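Trainee: Residue numbers (the numbering used here), protein chains in the order written: chain A, 40 to 142; chain B, 307 to 963; chain C, 86 to 248.
The hints are simulated quantities; they were obtained by calculation from the structure and are not laboratory data. Small disclaimer: the values here were computed from a predicted structure and weren't measured. Hints may be right or wrong, so weigh each one.
[Stated by the list, open to error] From the structure, some residues in chain B lie toward chain A, with a derived Cβ separation under 10 Å: (1) 419; (2) 421; (3) 934; (4) 937; (5) 938; (6) 940; (7) 942; (8) 943; (9) 951; (10) 954; (11) 957.
Just so it is clear, CB atoms sit at the ideal spot from N, CA and C, and this is done for glycine as well.
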Amino acid sequence: MTIGLEHYLVLSAILFSIGLYGALAKHNAIVILMCIEIMLSAVNIALVAFSRYIVPLQLTGQIFAIFAIAIAAAETAVGLAIIISIYRSRETIDAGKIDLMKW
Amino acid sequence: MFTENQYIWLIFLIPLLSFAVISLILKPFFKNKPKIAGYVTIAAVASSFLLSLWVLIQLIGAPHHELSVPDISWVIIEGGASINLGLIVDPLTGIMLMVVTVVSLMVQIYSQGYMKDDPGYHRYYAAMSLFTTAMLGLVLANSLLLMFVFWELVGLCSYLLIGFWFHRPSAANAAKKAFLTTRLGDFGFLAGILLLYANTGTFNVVELHELAASGMLAGTVLTWGAIGIFAGAVGKSAQFPLHVWLPDAMEGPTPVSALIHAATMAAAGVFLVGRTYPLFENSATALQTVAIIGGFTAIFAASIGLVQNDIKRVLAYSTISQLGYMMLGLATGGVAVGIFHLFNHAFFKALLFLGAGSVNHATKTFDMREMGGLRKAMPKTYATFLIGALSLAGIWPLSGFWSKDEILVKSLENQPVLFALAMITVFMTAFYMFRVIFMTFGGEYRGKEHLHESSSVMTIPLIILAVLAFGSGLFNITGGFGAFFGHGETYSFIEGFFGIFAHLLPWLSLLLAGLGIFMAYAIYNKKWLSAEAMGKRFAPLYKLFYHKYWFDELYEGIIVKKFLIGGIFRVFHFFDSKIIDGGVNTRFVQGFIVRNLFSWFKSFDQKGVDGAVTGVADTTLIAGKTIRRVQTGQLQFYGLIIGMGIIILIASLFLFG
Amino acid sequence: MGQVISFWLFAVIVIGAALGVVLLRNVFRAAMLLILGFLAVAGIFVLLQADFLAAIQVLIYIGAIGILIVLAIMLTREITMGSPSNKFRIPALIIAALFAGGVIYAVFNTPWQISNSPPLETTTSSLAVKFFGENGFILPLEIVPIVLLTTILGAIVLIKDKK
Numbered sequence: 040m041t042i043g044l045e046h047y048l049v050l051s052a053i054l055f056s057i058g059l060y061g062a063l064a065k066h067n068a069i070v071i072l073m074c075i076e077i078m079l080s081a082v083n084i085a086l087v088a089f090s091r092y093i094v095p096l097q098l099t100g101q102i103f104a105i106f107a108i109a110i111a112a113a114e115t116a117v118g119l120a121i122i123i124s125i126y127r128s129r130e131t132i133d134a135g136k137i138d139l140m141k142w
Numbered sequence: 307m308f309t310e311n312q313y314i315w316l317i318f319l320i321p322l323l324s325f326a327v328i329s330l331i332l333k334p335f336f337k338n339k340p341k342i343a344g345y346v347t348i349a350a351v352a353s354s355f356l357l358s359l360w361v362l363i364q365l366i367g368a369p370h371h372e373l374s375v376p377d378i379s380w381v382i383i384e385g386g387a388s389i390n391l392g393l394i395v396d397p398l399t400g401i402m403l404m405v406v407t408v409v410s411l412m413v414q415i416y417s418q419g420y421m422k423d424d425p426g427y428h429r430y431y432a433a434m435s436l437f438t439t440a441m442l443g444l445v446l447a448n449s450l451l452l453m454f455v456f457w458e459l460v461g462l463c464s465y466l467l468i469g470f471w472f473h474r475p476s477a478a479n480a481a482k483k484a485f486l487t488t489r490l491g492d493f494g495f496l497a498g499i500l501l502l503y504a505n506t507g508t509f510n511v512v513e514l515h516e517l518a519a520s521g522m523l524a525g526t527v528l529t530w531g532a533i534g535i536f537a538g539a540v541g542k543s544a545q546f547p548l549h550v551w552l553p554d555a556m557e558g559p560t561p562v563s564a565l566i567h568a569a570t571m572a573a574a575g576v577f578l579v580g581r582t583y584p585l586f587e588n589s590a591t592a593l594q595t596v597a598i599i600g601g602f603t604a605i606f607a608a609s610i611g612l613v614q615n616d617i618k619r620v621l622a623y624s625t626i627s628q629l630g631y632m633m634l635g636l637a638t639g640g641v642a643v644g645i646f647h648l649f650n651h652a653f654f655k656a657l658l659f660l661g662a663g664s665v666n667h668a669t670k671t672f673d674m675r676e677m678g679g680l681r682k683a684m685p686k687t688y689a690t691f692l693i694g695a696l697s698l699a700g701i702w703p704l705s706g707f708w709s710k711d712e713i714l715v716k717s718l719e720n721q722p723v724l725f726a727l728a729m730i731t732v733f734m735t736a737f738y739m740f741r742v743i744f745m746t747f748g749g750e751y752r753g754k755e756h757l758h759e760s761s762s763v764m765t766i767p768l769i770i771l772a773v774l775a776f777g778s779g780l781f782n783i784t785g786g787f788g789a790f791f792g793h794g795e796t797y798s799f800i801e802g803f804f805g806i807f808a809h810l811l812p813w814l815s816l817l818l819a820g821l822g823i824f825m826a827y828a829i830y831n832k833k834w835l836s837a838e839a840m841g842k843r844f845a846p847l848y849k850l851f852y853h854k855y856w857f858d859e860l861y862e863g864i865i866v867k868k869f870l871i872g873g874i875f876r877v878f879h880f881f882d883s884k885i886i887d888g889g890v891n892t893r894f895v896q897g898f899i900v901r902n903l904f905s906w907f908k909s910f911d912q913k914g915v916d917g918a919v920t921g922v923a924d925t926t927l928i929a930g931k932t933i934r935r936v937q938t939g940q941l942q943f944y945g946l947i948i949g950m951g952i953i954i955l956i957a958s959l960f961l962f963g
Numbered sequence: 086m087g088q089v090i091s092f093w094l095f096a097v098i099v100i101g102a103a104l105g106v107v108l109l110r111n112v113f114r115a116a117m118l119l120i121l122g123f124l125a126v127a128g129i130f131v132l133l134q135a136d137f138l139a140a141i142q143v144l145i146y147i148g149a150i151g152i153l154i155v156l157a158i159m160l161t162r163e164i165t166m167g168s169p170s171n172k173f174r175i176p177a178l179i180i181a182a183l184f185a186g187g188v189i190y191a192v193f194n195t196p197w198q199i200s201n202s203p204p205l206e207t208t209t210s211s212l213a214v215k216f217f218g219e220n221g222f223i224l225p226l227e228i229v230p231i232v233l234l235t236t237i238l239g240a241i242v243l244i245k246d247k248k
């Protein structure tokens with residue numbers, strides 16, 4: 040069997056949903072961040088797969104993926120900064136316990 | 307400048323302007339200079355006097371002695387009757403204008419002295435101006451409706467001026483009594499006016515005269531109309547039985563008594579009968595009524611005046627009596643006879659009142675028992691007062707003699723019984739008048755005040771009025787007055803002046819008058835007979851006269867208290883409280899309506915409306931409480947919801963293309 | 086043939102790594118597995134003829150982000166807490182499953198227009214042309230550094246000791 044676009048896309052979908060589950064269902068804020076990274080990676084795979092199979096000469100997907108990676112890095116940095124800041128004041132990084140913005 | 311005698315409107319409009327100026331400009335802004343109000347009024351009345359003089363001169367020269375003034379339309383009803391306002395200028399008007407303006411002018415000037423330093427100065431002159439307006443308008447009006455308006459206005463001013471010193475309860479009560487009593491008469495007047503209007507369709511006096519003269523207006527309608535009008539006259543002229551207010555009206559300042567209750571307003575009733583005379587002429591019943599009431603009142607009032615101790619009360623009863631004479635004169639001799647006496651009476655009665663005011667200024671009292679010997683201290687007042695008294699008593703050649711003589715002549719012709727009463731009244735008049743003179747000016751002073759003559763601002767009007775009181779009768783010496791009114795012939799001066807003694811009647815009346823003066827002289831001056839002894843001998847009569855025939859007690863005690871309040875009003879009150887309040891209100895309204903209907907309303911309101919309102923509020927609160935639980939503050943919860951949203955979006959994308 | 090085996094190998098590794106990240110209790114081990122997953126993703130990029138991208142992936146994801154995550158784990162010593170699941174795991178599972186199901190369904194039901202032209206051998210120069218050439222993505226290329234700058238500043242501000 041040849042590996043077609045569908046394979047990559049299905050792979051991307053599964054990866055994304057795993058990451059989604061982790062982002063919604065974990066206490067540890069850093070783990071949530073890791074799962075967000077997984078989601079971003081899944082999307083990158085899909086982008087590159089589209090680029091490779093539908094418009095291989097134009098490399099649009101790869102360019103998009105480059106930008107996505109750059110931004111992901113930035114976002115991770117900020118996210119971790121936030122987590123560390125919260126840890127400093129609250130001694131916890133439990134996402135469930137940070138709920139001051141409630142009713 | 308004015309077309310067709312329209313300047314005549316100014317005669318009563320100028321005093322109205324003076325009233326407006328005093329009340330709207332002088333009273334608020336010039337409170338510290340009250341004298342200006344007096345000057346304004348005097349100026350206004352003087353202008354009216356000059357205009358009236360001019361009118362009189364024009365009248366004498368005009369054909370039929372009439373001037374025409376165009377009407378002003380007031381109410382125009384399409385296809386129906388219109389109400390016009392207009393003036394009638396005939397001999398009656400001319401004479402009345404002179405009377406009113408001259409007496410008013412004298413009184414205004416006199417008031418400058420009498421009312422000096424009174425705190426109500428502005429109010430006094432404002433009311434005086436308004437009164438002059440109303441009186442002049444009354445004599446000028448050609449429509450019964452307009453006349454009624456001014457009639458009421460005159461009554462209002464009388465109320466204001468009688469109750470001028472309103473903080474005195476006696477004055478306030480007197481004002482109220484005057485107003486209510488004349489109101490009773492005015493009710494009759496209005497009824498008469500409306501009756502005539504309903505049957506003729508006009509208020510205009512001239513038209514009514516024509517209708518009455520031609521016989522179109524006759525019978526019971528005419529009689530009752532005339533009697534209704536006469537009822538108003540009875541009220542205003544204080545004839546029996548509505549005479550009770552005039553003596554009490556003496557509570558007002560003396561110039562007010564002089565102007566209003568002697569010379570002008572009281573004479574308004576006589577004037578009214580004169581103005582509507584053709585109505586009376588053509589209804590024998592009405593004429594008879596006038597004569598009887600007039601004649602009776604004359605002797606009735608004179609008898610009461612015999613025993614009063616207050617100088618103004620004597621003069622008040624004298625006024626009522628003389629008004630009775632005027633009514634008798636009108637009924638028996640015609641307009642000229644009655645109005646001639648009104649003309650003379652105005653001057654000498656005003657004079658007498660102002661003299662009494664002057665006396666009051668010096669002695670600070672009106673009670674004659676505390677006076678005496680004033681002739682030495684107040685010569686001018688004494689002289690003028692004496693002239694007035696002689697004129698009133700009817701002594702030749704003063705004015706009162708001439709007019710009273712005419713009345714006696716005519717009443718002898720037409721009403722012999724009343725003539726007899728009138729003759730007795732002559733005696734009484736002379737007696738009570740000279741009783742006043744001797745008690746006030748004769749003998750020695752019984753009081754304690756420091757006596758002095760009044761200032762010239764008060765004595766000059768006295769002198770002017772004395773001249774008129776002396777000589778106003780001479781206007782008819784040559785029969786000119788009567789001729790002016792359209793009946794009577796003219797004769798030469800000598801014939802008129804001395805020829806009067808060719809007849810028996812004047813001798814008789816002079817004799818009676820002389821007897822009266824002599825009696826007064828005997829009792830009060832020379833004390834040959836004692837007044838007290840006479841009072842004891844005639845004790846029942848004395849009591850009757852002194853208590854004014856108990857008419858006040860009758861009216862106030864029995865009629866008002868027992869009959870009206872105790873009787874009729876109590877029935878009304880019973881009806882109202884028991885039947886209406888008790889029955890209808892309690893049983894029906896409260897029992898049925900309130901209990902059932904309103905209680906249903908109440909429960910609906912409480913449960914339904916209030917419930918709905920609170921329900922909305924509660925719903926909002928509960929909804930808020932519930933919905934706010936969404937805001938958990940937990941990040942992942944929000945993420946879940948987002949995820950759910952995405953799934954729903956994808957699903958709907960699939961399902962709905 | 087080689088492609089098929091490589092694909093399946095990398096696929097299994099990456100999914101396994103992802104599952105490990107999500108399911109493991111030990112945060113540190115989860116972080117390690119994440120890095121393994123990044124490596125597998127880089128492999129997949131190579132399979133897709135995106136060599137430059139694969140290099141970037143390794144450099145940045147593993148070299149920067151992965152290290153950063155490990156650093157953060159070290160700084161926030163919640164080793165005792167570990168990485169438990171919270172109360173939303175069943176709804177999250179459902180949502181994730183539904184999402185995956187939906188996307189897979191969409192994938193299989195869309196007529197993809199697969200192009201016939203072969204992919205480029207070396208992408209670097211082509212990418213460069215795409216970035217810096219005419220009608221290129223030069224603007225986003227310039228903006229991204231600014232974003233990065235802002236991010237760095239923000240992170241520094243956040244981290245700064247407030248005293």
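Trainee: So, against the hints stated earlier in the document, which numbers end up violated here?
Mentor: Hints 1, 2, 9, 10 and 11 contradicted; others consistent.
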